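Student: Please put together the full structure from these sequences, using the hints given.
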Amino acid sequence: DAMVIQNPRYQVTQFGKPVTLSCSQTLNHNVMYWYQQKSSQAPKLLFHYYDKDFNNEADTPDNFQSRRPNTSFCFLDIRSPGLGDAAMYLCATSRVGEWDQPQHFGDGTRLSIL
Amino acid sequence: RKEVEQDPGPFNVPEGATVAFNCTYSNSASQSFFWYRQDCRKEPKLLMSVYSSGNEDGRFTAQLNRASQYISLLIRDSKLSDSATYLCVVTNRAGNNRKLIWGLGTSLAVNP
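So the protein lines, in turn, are chains A and B.
Every letter in the first sequence is one number past the one before it in our numbering, and letter 15, counting from 1, is 15.
Every letter in the second sequence is one number past the one before it in our numbering, and letter 46, counting from 1, is 46.
I should point out that these hints are in silico values taken from the structure, not numbers from a laboratory.
Computed from a predicted model, the values in this text were never measured in an experiment.
In this text, a Cβ means the ideal position worked out from N, Cα and C, and glycines have one as well.
Don't take every hint at face value.
[Claimed, not checked] Interface residues of chain A toward chain B, partial, derived using beta-carbon atoms under 10 Å:
#1 24
#2 27
#3 43
#4 45
#5 48
#6 54
#7 55
#8 88
#9 101
#10 102
#11 106
#12 110
#13 112
[As the list claims (entries may be wrong)] Now the in silico label distances, taken between C-beta atoms and shown as ranges:
#14 A:7 <-> B:99: 41 to 51 Å
#15 A:38 <-> B:12: 35 to 45 Å
#16 B:99 <-> A:70: 34 to 44 Å
#17 B:22 <-> A:15: 19 to 29 Å
Tutor: Structure, rendered in structure tokens:
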């Protein structure tokens, strides 16, 4: 049973055309994360939500925004995608306080920019 | 110095071989440690957590050395299906939450 679900699996958009990626979870975890991963690189944390508190990484471009309307859903909005934004985007969840437990990842959304 | 460092490889080994990966971390206060496996164009999947006393799961053994700040992963009797990238992950406290610090991964190719 999928516990962290990302949609779509593959997304193609045009240069400069806004795109939204979605993530939902059935684990009732407090924390949700968005990562960007490019080929041969480690996942790079973009931001995370601790409940409704949004935490942006210092080097995340302004082009990237996120929304978390409720515990189960989290969205990644890319306002004006550039060619350099083509990557795999990974959503993950965890529960606060369970420091020795790993994060749970979705299957990822692979974003291509035309 | 990177926060988490791994030998990128690639490691090319024959089926049945034993292979070991090391990973060093820079923050002595790091709290928890994991090995993830990532297949090409797929999401990372947890392989195993790494406990202070060391732990084993079938053909896989993980060790933690806090004094020297490294963790290791040993794979015995390698299978073709073990071919993947192995990512070392360390978690550090960040306020009330934690932050995962990822290594760049070590690539393993198991050959027939």
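Student: Is the distance from the Cβ of residue 99 (chain B) to the Cβ of residue 70 (chain A) consistent with 34 to 44 Å?
Tutor: Hint violated: Cβ distance 24 Å, outside 34 to 44 Å.
Student: Quick check on the hint: residue 101 (chain A) CB to chain B CB, less than 10 Å?
Tutor: holds (8 Å)
Student: For the restraint on residue 102 (chain A), tell me whether the closest CB of chain B is nearer than 10 Å.
Tutor: holds (5 Å)
Student: Would the hint on residue 43 (chain A) stand, with a C-beta cut-off of 10 Å toward chain B?
Tutor: Holds, about 6 Å.
Student: Do the Cβ positions of residue 38 (chain A) and residue 12 (chain B) conform to the proposed distance bound of 35 to 45 Å?
Tutor: Violated, since residue 38 (chain A) and residue 12 (chain B) (Cβ atoms, about 24 Å apart) do not stay within the stated range.
Student: With a cut-off of 10 Å, does the beta carbon of residue 88 (chain A) approach a beta carbon of chain B closely enough for the hint to hold?
Tutor: Holds, because the Cβ-Cβ distance from residue 88 (chain A) to chain B comes to roughly 7 Å (cut-off 10 Å).
Student: Holds or violated: is the Cβ of residue 48 (chain A) closer than 10 Å to a Cβ in chain B?
Tutor: At 7 Å from the nearest chain B Cβ, residue 48 (chain A) passes the 10 Å test, so the hint holds.
Student: Hint check: is the beta carbon of residue 55 (chain A) less than 10 Å from a beta carbon of chain B?
Tutor: holds (8 Å)
Student: Mind checking the CB of residue 54 (chain A) against every CB in chain B and telling me if the closest is under 10 Å?
Tutor: With Cβ-Cβ at 12 Å, over 10 Å, it is violated.
Student: Quick one, is the residue 24 (chain A) hint okay against chain B at 10 Å, beta carbons?
Tutor: Violated: closest Cβ of chain B sits about 15 Å from residue 24 (chain A), beyond 10 Å.
Student: Under 10 Å, Cβ to Cβ, is where residue 110 (chain A) needs to be relative to chain B, so tell me if that hint holds or is violated.
Tutor: holds (7 Å)
Student: Against chain B, with CB atoms and a cut of 10 Å, does the hint on residue 106 (chain A) hold up?
Tutor: holds (7 Å)
Consistency note: the structure conflicts with the earlier hints numbered 1, 2, 6, 13, 14, 15, 16, 17.
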